[in-house]
Amino acid sequence: MEIDPAQRPVPETERVYLVPHRWLQEAHKSVGDTESKEGVLYTVSSPSSYAGPMKIINNFFNSDLVFNLTPEENNGQQDPEEGVSGRDYALVSDATWLQTLKWHSDSNTAMKSSKNSSVAEDGISDVYPLQLRLSVLRESNQLNIRISKKDNAIEFHKRACKIFGSIDTEPVRIWDLSGQTNMYLTSGRNEIPKDSQRPSDQEILLRLQVYGLSDSVRCRNEGKKDESATQLSTLSASSSNGSFWGNGNVGDEDSDGNSRASTRAAVSFGLIGLQNLGNTCFMNSAIQCLAHTPELVDFFLGDYSKEINQDNPLGMDGELAMAFGELLRKLWAPGKGPFAPRQFKSKLARFSPQFSGFNQHDSQELLAFLLDGLHEDLNRVKCKPYIEAKDSEGRPDEVVANEYWANHLARNDSIIVDVCQGQYRSTLVCPICNKVSVTFDPFMYLSLPLPSTTMRTMTVTIFSMDGMTLPTPYTVTVPKNGKCKDLVHALSISCSLRNDENLIVAEIYTHRIIRFLEEPSDSLSLIRDDDRLVAYRVPINHENSLQIIFMHQRQDELYISGRLTSTWKASGVPLLAMLSNGANGTHICQLFLKLMDPFLQSREASLDDQDSMLTSSSGADMDVTLPASMDVGDDTNDSDSGNGLEFYLTDEKGSTKLAPISMNEQVLISGSNKRVNVLVCWSDKTSQQYEMSLLNSLPEVFKSGFFTKRPPETVSLYACLEAFLKEEPLGPEDMWYCPSCKKHRQASKKLDLWRLPKILVIHLKRFSYSRYSKNKLETFVDFPIHDLDLSKYIAHMSEEFSNRYVLFAVSNHYGSMGSGHYTAFAYHEGENQWFDFDDSLVFPVGEEKIKTSAAYVLFYRRIENNMSDS
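Offset between the sequence shown (1-based) and our numbering: plus 29.
Read the hints as simulated data drawn from the structure, not as lab findings.
Among the hints, erroneous ones may be present.
As the list claims (entries may be wrong) - Calculated lysine-lysine pairs in the DSSO-like style (CA-CA distance at most 30 Å, straight line):
#1 K703 <-> K598
#2 K623 <-> K703
#3 K821 <-> K464
#4 K178 <-> K787
#5 K778 <-> K419
#6 K419 <-> K779
#7 K772 <-> K419
To be verified - Simulated DEER-style distance windows between Cβ atoms:
#8 E427 <-> S177: 34 to 40 Å
#9 E720 <-> Q389: 48 to 54 Å
#10 D680 <-> G591: 29 to 35 Å
#11 E742 <-> T685: 47 to 53 Å
#12 L343 <-> K682: 50 to 56 Å
#13 M846 <-> R544: 27 to 33 Å
#14 P382 <-> K598: 51 to 57 Å
#15 E742 <-> P382: 35 to 41 Å
#16 S375 <-> L343: 19 to 25 Å
#17 L754 <-> L697: 56 to 62 Å
#18 K682 <-> R557: 17 to 23 Å
#19 E168 <-> L343: 56 to 62 Å
Even glycine gets a Cβ: it sits at the ideal position worked out from N, Cα and C.
With the sequences and hints as input, model every part of the structure.
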């Protein structure tokens with residue numbers, strides 16, 4: 030027992046610990062000390078002698094647990110067999126406790142290194158403390174002990190009842206070898222602090238530190254499992270506040286001025302690092318987060334072997350669960366330094382070859398595999414029944430959700446399901462027949478997108494056919510995984526598209542159109558940042574019109590074999606126009622000159638040149654093709670030659686001159702092709718009359734580079750959750766089979782949280798993958814630490830469970846995808862401190878440093894209603 034510093038009448042440096050009495054006997058035997066240690070033997074009894082059903086009911090509803098310590102008459106006398114029982118404990122001093130704990134650690138190490146398997150099975154397991162606040166009231170020659178809900182967490186009180194609530198049927202004795210209880214009995218009221226707020230001057234507020242064994246320890250004399258140790262282990266691994274830590278503090282000194290560093294090292298359970306085996310920081314980070322999940326520590330430090338399912342074909346013969354349990358026990362052993370988790374990694378690689386070797390991996394992927402593997406190894410269902418899922422068919426959501434959850438538990442029942450699994454509602458709507466399908470599916474974790482990265486900016490140049498407007502680039506924001514219709518909609522708003530117009534989007538490469546984005550469902554994820562897009566404004570009813578695509582070539586002079594030779598080279602951006610009066614050579618020429626009119630250096634010259642060309646080419650006595658009359662090599666002919674332009678029918682690439690286009694003659698179009706490709710050949714003199722640079726410079730979709738790095742973005746965790754729950758259409762690769770249409774449809778999908786787990790794991794999707802690149806998103810996510818409230822995001826409100834959570838661990842990723850490093854933050858309840866776990870290094874860190882842009886996986890724990898009220 031340790032007296033509360035605020036109200037204790039004894040020196041602050043004195044500590045008393047409660048341990049199994051058998052530990053002391055074994056510790057004394059190990060050093061050859063067989064002499065009996067004098068002490069006061071107390072019998073633990075209930076104030077009430079009645080031990081029946083009513084007592085159990087009173088313990089359940091009563092907020093206080095009360096029992097007495099009464100000295101026995103044979104003080105200082107011990108039977109050889111006494112103290113061996115699992116219901117006998119000892120109060121020891123600081124020095125004795127450290128000696129006993131050292132024996133325990135050394136004995137444990139020796140047993141594990143022994144070749145004797147039976148010894149290893151029954152060997153002493155790692156210990157872990159529990160702190161309880163209790164009050165001691167002196168009454169004549171006995172101590173009245175009171176453990177109150179008011180002073181302890183609810184779960185602490187419940188588990189304390191398991192140990193001390195059965196003292197009437199299972200006698201409990203405590204050997205005081207510290208001499209402190211006698212001091213409590215003789216202390217006067219003048220020694221009690223004046224500021225004490227206790228109802229009685231003789232009532233002293235204390236702290237009890239309980240140390241126990243797991244129930245794998247067998248009582249040597251009785252040849253059976255130690256039932257009290259089982260209860261004590263259950264209490265010690267309390268899952269209420271994760272209090273399986275000691276409370277030693279750095280810098281404490283005893284009465285002689287000696288440092289208590291050794292004491293702190295011994296009681297700092299759970300603060301052990303893991304050595305890096307070679308790019309295994311991802312594994313160390315994930316393990317430390319799970320190793321500080323109170324419910325899992327409670328489970329694996331107890332007797333979990335009875336829940337191992339070795340017959341599950343989906344499991345790993347129970348070996349993964351046993352390896353993880355052994356690893357957890359090492360992490361919670363007292364007074365140990367960092368160690369290498371080679372055995373666990375070997376098991377991991379055996380059952381998941383992707384984690385073999387020493388390459389870097391994803392901590393979230395490891396967590397997903399580990400949680401699923403532990404579930405299957407610990408699945409309490411030995412034979413999984415076949416259950417056919419049923420649609421909602423108009424039934425109430427509560428009924429359908431409970432049915433789905435019951436079906437899930439019929440096949441899946443483990444500590445992982447109890448703690449980590451929740452349920453969400455999935456709603457699908459057919460876009461054709463409006464069929465609604467509602468299902469309820471379990472989840473182990475939530476993978477949330479980062480809203481700032483679910484959108485992207487795209488720059489598209491818009492061309493008009495009005496003969497007055499120059500091409501204009503527009504930058505719009507669209508969903509990153511959106512569709513072509515999202516881009517068209519954003520561009521329509523930006524360019525003030527008229528009601529009688531539409532946009533045709535095309536991708537330009539090497540001065541030609543390589544594809545049209547005509548399908549509204551075409552994915553924008555296929556468009557890279559360095560691509561170039563254009564959009565043509567066309568009449569809304571252009572289905573019966575002929576699309577004319579003009580591609581450009583310019584004459585280029587090169588020296589080949591010492592001779593100056595003229596060649597034609599592609600240039601500029603293709604132009605698109607609609608022709609509804611038939612493909613006549615004159616009409617095509619007029620249409621092109623109209624499209625080029627905004628690019629002219631002088632608009633007056635433009636009108637004269639067009640009139641000259643149209644007059645000379647429309648005479649009844651002229652029957653010449655445009656290429657013949659536009660001889661770019663004959664300067665005397667320029668005024669009558671249509672500005673030195675030659676027109677040819679060409680292919681989609683614009684590289685072949687299929688046939689010249691003649692004035693006043695119909696252009697022959699093969700088949701039912703509604704798209705005609707025309708190649709326009711420019712002379713140098715003609716091109717000088719136009720601002721051709723406007724056609725030769727086309728911006729990229731997004732200009733990225735070293736000096737154009739996007740600024741860091743900040744989003745809230747709630748915004749990430751809203752993006753996850755937002756309704757969106759399924760992709761073409763995830764088509765849904767509509768039972769009404771009997772066809773696969775691109776349905777819209779909406780997710781809603783329905784049932785929340787006790788431990789909520791949130792994965793932030795920082796890594797984005799595409800066909801061409803892999804990127805890490807450095808967005809800073811502002812996540813709550815003390816109060817994550819999901820009340821407004823859950824579709825089914827329950828009065829039984831709280832929707833509020835508190836953060837207790839974070840898996841961090843620093844750096845890029847190829848050269849990153851993983852660490853973990855975990856909150857240590859006993860130390861009342863956050864710690865940074867960087868492989869083998871463990872050091873305290875301030876709460877203000879927990880939020881970083883490196884946060885990758887967040888671990889939250891539900892704040893229970895009764896705990897929040899208290």
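Point to revise | Numbers of the earlier hints that this structure fails to satisfy, in rising order | key: Hints that this structure does not satisfy do not exist here, as all of them hold.
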